[in-house]
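*Asks:* Residues per chain are reported as follows:
Protein chains: 2
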Amino acid sequence: MIAVDKISLVGYGAAICTTCSFIPQVWQVIQSRNTESISLLMYCIFVFGVFLWCVYGVVVRDLPLIMANLITLILSGLILAMKLRDTTSKVDN
Amino acid sequence: MIAVDKISLVGYGAAICTTCSFIPQVWQVIQSRNTESISLLMYCIFVFGVFLWCVYGVVVRDLPLIMANLITLILSGLILAMKLRDTTSKVDN
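Keeping their order, the protein sequence lines are chains A and B.
With the working numbering, the residue at position 23 of the first sequence is 23, and numbering never jumps.
With the working numbering, the residue at position 1 of the second sequence is 1, and numbering never jumps.
Calculated from the structure, these hints are not laboratory results.
Virtual Cβ for every residue (Gly too), placed ideally from N, Cα, C.
Any given hint could turn out to be false.
For the chain B half of the interface with chain A, some residues (derived, Cβ under 8 Å), not all of them [unchecked claim]:
hint, residue
1, Gln25
2, Val29
3, Gln31
When you get a sec, could you build the whole thing from the sequences and use the hints?
*Replies:* Okay, here's the thing in C-alpha cells:
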C-alpha cells in the first residue's frame, strides 16, 4: 500500500510542475519578444479558467489551490499581456 | 451563502476552461506549422506535471481529475510533439 504522504508528494510535484512550467515560456517571450506562434485564444480561455480556479479555491478555502493558481494566473497573465501587446501593435501598423 | 452546486459549477467551469484552452493552440500549430515562440521547456515540464496529475487522480480514485488531465495530457502532448519535430528538423538542417 502507498503511504498517504507519498500520494501527497505526487500531488505537490504535479502542482509545482504545471505551475512552474510557465516560467520558461514567460522568459522566452521576454527574451525573444516573439509571440507569433502562441495562441491568443488559448491564453484568453486559460487565464479565465485559472481565475475561476482561484475563485473556487477561495470559496472552498483551499490555500494550496489558491497559491498555485495565483502564481499560474500571474505567469499566464504576463504571456497574455505580451501577446495582446504584439496583436494590437500589428493592428496599429 | 453560496449553494454547494454553485461552487461545483465554478470548479467545473475552471476545469473545462483550463482543459479546453489547449484546443486553439493545437489548431494554430497544425494550421500554421509554426512553433517558434512556443517554449520547449515549458511543454516538457507541463506534460510531465499533467502526467503526475493523472497518476495522482488514479491513486486517489478521482474520475473527474483523471478525465480532465487525460484530455490536457493529449492536447499538450500534441503541442510538445510538434515542437519537438520542429526542433529536431532544425538540428538536421
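*Asks:* Okay, which hints does this one fail, numbers in order?
*Replies:* Number 3 - this is the single hint that the structure violates.
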